[in-house]
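Chains as they are written, first to last, in the working numbering: chain A, 70 to 566; chain B, 22 to 351; chain C, 22 to 351; chain D, 78 to 375.
Bear in mind the hints are in silico, worked out from the structure with no lab data behind them. Be careful, since some hints might not be right.
Cross-link-like lysine-lysine pairs, in silico, DSS-like; alpha carbons within 27 Å at most [unchecked claim]:
#1 A:Lys442 to C:Lys214
#2 B:Lys118 to D:Lys230
#3 A:Lys458 to C:Lys214
#4 D:Lys315 to C:Lys118
#5 B:Lys214 to A:Lys207
#6 B:Lys118 to D:Lys179
#7 D:Lys99 to C:Lys118
The structure displayed is predicted, hence computed values, not measured ones.
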Amino acid sequence: MSQTIPPIAELRRATRRYPGVLALDGVAFSVQPGEVRAILGKNGAGKSTLIRLLTGAETPDEGVVLLNGKPLAIQGAGRTREAAGRGLRAVYQELSLVPSMSIAENMFLGAWPRAHGILDHRSMAEATRHALLRLGLKLDPFLLISALSPAAQQMVEIARAFQGSPRLVILDEPTSSLAAAEVDQVCAAVREVAAQGVAVLYVSHRMNEIRRLADTATVLRDGRIISTLPVAEARTEDIVQMMLGRSEQTRTIIPQSGGETVLEVRNLAVPPKLNGVTFALRRGEVLGIAGLLGSGRTELFESIMGLSKPLSGQVLVAGAPAPRRYTDMIQLGFGYTPESRKEDGIIPMLGVDENTVATDFRQVDRAGILSNKVIAEATRAIISRLHVKTAATTTPIATLSGGNQQKVVIGRWIHAGSRILLLDEPTRGVDVEAKNQIYDIIRSLAREGKSILFVSSEIEELDHVCDRVLVLRNGQIAEEHAAPKIDAERLLAACIG
Amino acid sequence: MTASAIAPPTARQKTNRLSGHVNEFGLIAIIVVLYVIFGIISPGFLSANNQVNILRDGSTIGIAAWAQTLVIVAGEIDISVGPMVAFISVVMAFLLKWHEPLAISLGAGLVLGAALGSVAGALRGVFNVPSFVATLGLWSALRGLALFMTNALPVSFDDNDTLDWMGDNVFGLPVSAVVMIILFGLFVFVSRKTAFGRSVYAVGGNASAARLCGINVTRIRILVFTLSGLMAAITAVMLLARLGTGNAGAAEGLEFDVIAGVVVGGTALSGGRGSMLGTLLGVLAITVIGDGLVLYGINSFVQDMVRGVIIVAAVLLNVAALRRSGRGRH
Amino acid sequence: MTASAIAPPTARQKTNRLSGHVNEFGLIAIIVVLYVIFGIISPGFLSANNQVNILRDGSTIGIAAWAQTLVIVAGEIDISVGPMVAFISVVMAFLLKWHEPLAISLGAGLVLGAALGSVAGALRGVFNVPSFVATLGLWSALRGLALFMTNALPVSFDDNDTLDWMGDNVFGLPVSAVVMIILFGLFVFVSRKTAFGRSVYAVGGNASAARLCGINVTRIRILVFTLSGLMAAITAVMLLARLGTGNAGAAEGLEFDVIAGVVVGGTALSGGRGSMLGTLLGVLAITVIGDGLVLYGINSFVQDMVRGVIIVAAVLLNVAALRRSGRGRH
Amino acid sequence: APQVGIGAIYLDSQGYYAGVRKGVQDGAAGMHRSIRLVETTAQDDPSKESAFIDTLISANVKAILLSAVSADGSVHAIRRAHQAGIPVVCYNTCVNDVAMKKYVYAYVVGDPVAFGAKLGDAAADYFIKAGVKSPKIGVVNCEFVEVCINRRKGFQAALLKRVPDATLVDNQQGTTVDASLAVSEKILTAHPDLNAFFGESGGATLGATRAVQQSGKSVVVFGSDMTTDIAHSLAEHKVLKAVVDISGKAVGHLAIQEAIDAVDGKTPANPIVPAAIGLYTTPDAANAWLSAHSDGLP
Ligand SMILES: Nc1ncnc2c1ncn2[C@@H]1O[C@H](COP(=O)(O)OP(=O)(O)OP(=O)(O)O)[C@@H](O)[C@H]1O
Ligand SMILES: Nc1ncnc2c1ncn2[C@@H]1O[C@H](COP(=O)(O)OP(=O)(O)OP(=O)(O)O)[C@@H](O)[C@H]1O
Ligand SMILES: [Mg+2]
Ligand SMILES: [Mg+2]
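Can you build the whole structure from these sequences, using the hints too?
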């Protein structure tokens, strides 16, 4: 990196506090044009905070933010517009789309092209089609965002960031809800703009993406920058150690052969995605389901759980036909974590405790009266078992980092004593350490005799946890891979077919 | 690599475009049914004269309902409409009584309406007072002020030809209905074709995304209330022209009808979604029900009962139709 | 990071616990200020007698407001309170007039209230009719039905000692206030200490997450309206005892006061948040303002004005206090 | 004979108008011709009244009965009916004199000032007899409608003429019985030396009476508008001492009679049709009222 070129974005001694948390502590940070910079760190390290300072979404308590060598001057509402005016585009970690509006309108949110003050929907649609195509997407620009799958929504946001002529593109975990094909598209787009001299900041918990993309990486821990280093020369273990502040144990998976069949799915059809899915889940087994995005894994879970009605087919629980109602499935000992944590997982304003015990109040009451003490105990049990990082059991869950939120969402089914867990993308947006903890949790649940169905778009992690992996392709189970012969490369190939 | 897996089925896409108007189709069907029923049971209901009436009555609710639609789409609510209309009609009547020119009197009323609306908007947008509370304050204060200023007596003023004309018909249509229709066109345009209109939807749909994209959320929130105040003032002009006096007790409960019209029209109180056409149909449905029942000639208390039942039934049918079309997942 | 990651209860946690009640502290401060001001300017305001009055008036709003708090926390709204109270008081008066025993008459009223509430709840929970529309229907239908049944005339019945006692004081406190206080305790308990109460918060906070946790969202939605109907019926009993007749025109606009009390108490209309204590203080503030202004003896129209201004000012101060404490980021 | 449509607009949802309606209906039934009544309530709102008149015009009614919401505020709407060739009969309240002469066929009325004055006289009788020189009186009002203001003016004038030191110490709104009860209690608190209440409407009267009964104070009530409960209270004669009333049924009867005359093209001898104002000051009078109105309709 030549130091003669002025940095495109810079933070000087930036500090940002939240009630009770020092999210960023006197951080000095800069990025050069054309540089692809990864930002690494555990959940809650301060990555998103750093980004929000750069985009003007938040103002530092101390320190200054400079874009193109000039400090951001506007306080309050106009600040993000000032930053955008200087060529900054961002994909935030939280979905920043308006669900009730069309793709095209979201593409230009707040900066709609106008002709004589009248919105120019046609050129908007045209530009949108273009921007989407760049990421390999063929979507009708007039479609509402709410009609899109989470993955498609994410792609729209990424397309929005690349459109026009940005000078700095910030992507905060852009790929957490994407699978391989889309990730490739995103990577290609990043390389393309970087070649044109655009700087890219890239936050991800997936080391292999970082290696493919980034020139340099900045590692954050507890609100401080630990180091900024060239990615090519650094060993993954060293980076992980910087992130965690200690070295990570190497893990060994002991594949287990499962016990008796607890769940059997026969010829399940949910048009248009599934046509005749058949498999069996055994006691004490972690069964992974691999597939491309949109291959119908979520639909499979939803129809097993009774959340949507399959066209035909059977679900058998311990040999008997499963009830068709969701609540009855829960009574039978099923647990389900949805893929979109924010929309369907957490109840943001309630505390960690209530988010945990909501699945089963009967365990924490005494003669119908909820006991704060028992609730706190039950919550603490989950917190310590799953290593949830929270200030108190009553802390509103929305203030936790994503990984910790996810642990609570899983933990609520441990609280409920569920015997069969359906986990849809449980490691999305979760840091390395928490990921490993979640793998451990899943393995230890399996050891206790629980059965787990595990969906992940991050194919590399399937061999870390699964006893068996089924590949869902063209609406059917196409292949089965059993441990220890599960291999990411072969799985990926199988998914694509 | 392979092409993206994110290519939605085209059939779904098309259904989507059509089903975007299921709500409106449902309401139209319901209004047609109401016309058939009242046409049979209520004498004079189908007369041209009564259609004019329906339009005129509708305009009292409609003009304010256009702005209220934006307010509710933005995730807010304005319950101050009725007292605002009454207060402004009283102020304008006083100005006319003191022989201010018509243009000045009415102009002052419009400015006042916009200003009072902005006050509510600023309370919400800048000071974060919930809009229900901010407009509840206006509701109470304006009704009280209007009654206090007039001692609950009508304020009369010299006859004014222009004003009389505004209270009357033009080409067989009530002027107020013409104003309503013009404003409807304007609001359809604003809500669909201007940055402001789309920003309202963005703020109501996801305020934090809107803010991150540089939309001035505070400004949008203030402006929707300004518009609501302005539309209340226009309603006040129409009322003044029609009654020929300023009445502090007028337009009582108008806010209820206005909000009901918007909600029956399919706009969710939670914000982000809603259409002007829906509101038009909602207002029409409510007006037709009221008018048809009066003409049917049953006891006025029974009218209240039947009205309540019909409104719920209409929305119930519409929601069922929406759900069948697959859009109503909670 | 191996052991439990719960930080020890440090200063932060304590701040947190305290700041969880900033809203309530603010309201208490505002009520104290109101007491000081009215104590100075309104004759008889501080008299014991007037405190009893405040409690009694408060109970009319309060009992219904407890249930309304749950309704609003669940993300819904019930605007049918006033007509519900009037209608049920009329029904009970008729039963008493026909010489049904008191227990049966009142019991039937309570059951009817709960049943009507459940109808609104089912419309919302099962049929997805927006709660504003469902309760608007009840609002119109019940007021009409009550007026129709009575011809708008009071329904009188033979004196009944027990009922008279209920309209009177016990140990110097109005019975209605005692009922209100007992019900307050019950609602605090239900909202905090029962699975039902917590489920209401969960449904209001994120209905789809609540559903996936296995909470029966439909049931919760129906039940909050059932409770709201039941509390309206209890208010009707108190009203009947107090007036000695069933009046179809009574409790007009009560729904407004009830919702205002809840919102002033800090419960957001968007659901998921709110506390019974906040509502208690909100109801108290509104009652004190009304009472103090009447005692001050100014023109009742000016009272409306001043009331509007004070309500907004109170909430404004409270929101400012909340924001300073760092909780009020919308 | 073809059916004759008659529009009837009632002022608000008070029991009094149930009496009027009964009078109108009985009157119509007694005429042995086919009459279709189209009824509605203006809810004290001139804008609603205006809208209803337009609706009635398009319903092709042959005459409209109404109690005008406001003397000046209702002029335009009534003028429109007149211009459409539909005769308008006012009852109870009407538009101002000028407009009335032009647009109104007949006006059935007991003058509200006279109405108030009768009660004021009765109050004066009571105070003089009881030896109260400077009575303090609290008013529970319905003064968002003009009629009530005029009732108070009449009451005040008549009372002050004979008891010059009387003062109206408070005047608060409480039209319905529950609102009146709440407000009367507060007036009792604010004015511990109060002598009497004046209730401007039926609800106001009943609420004030109830408040006094519950407080146990020796305050008396002078009220307006008879209903069964008010008659019962008057019969007890402990708190409620006098009630002034115009029979709704009688007014309704007169009004429909005038309307049919108008339909038949008769010209009235005098457009002002006086309705009897009744004053009830004794238990006997109250009981007589009760037996005459066994259906409870005033
Ligand atoms: N709005 C907020 N209010 C309170 N605390 C917050 C807020 N936003 C972030 N924090 C806290 O600040 C710290 C840093 O959060 P930040 O979102 O920057 O982490 P991150 O590195 O992006 O984590 P992740 O990998 O989970 O996205 C965390 O402790 C978080 O809980
Ligand atoms: N066009 C759409 N309109 C409405 N909902 C959709 C649409 N596409 C997907 N969904 C819903 O979004 C969820 C996820 O869809 P997505 O296509 O990402 O996953 P999927 O088909 O289940 O495949 P996988 O989970 O394997 O990625 C599902 O619940 C699906 O029903
Ligand atoms: Mg982050
Ligand atoms: Mg999925």
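| request: State the violated hints by number, sorted upward, taking the hints as numbered earlier in the document. | output: none
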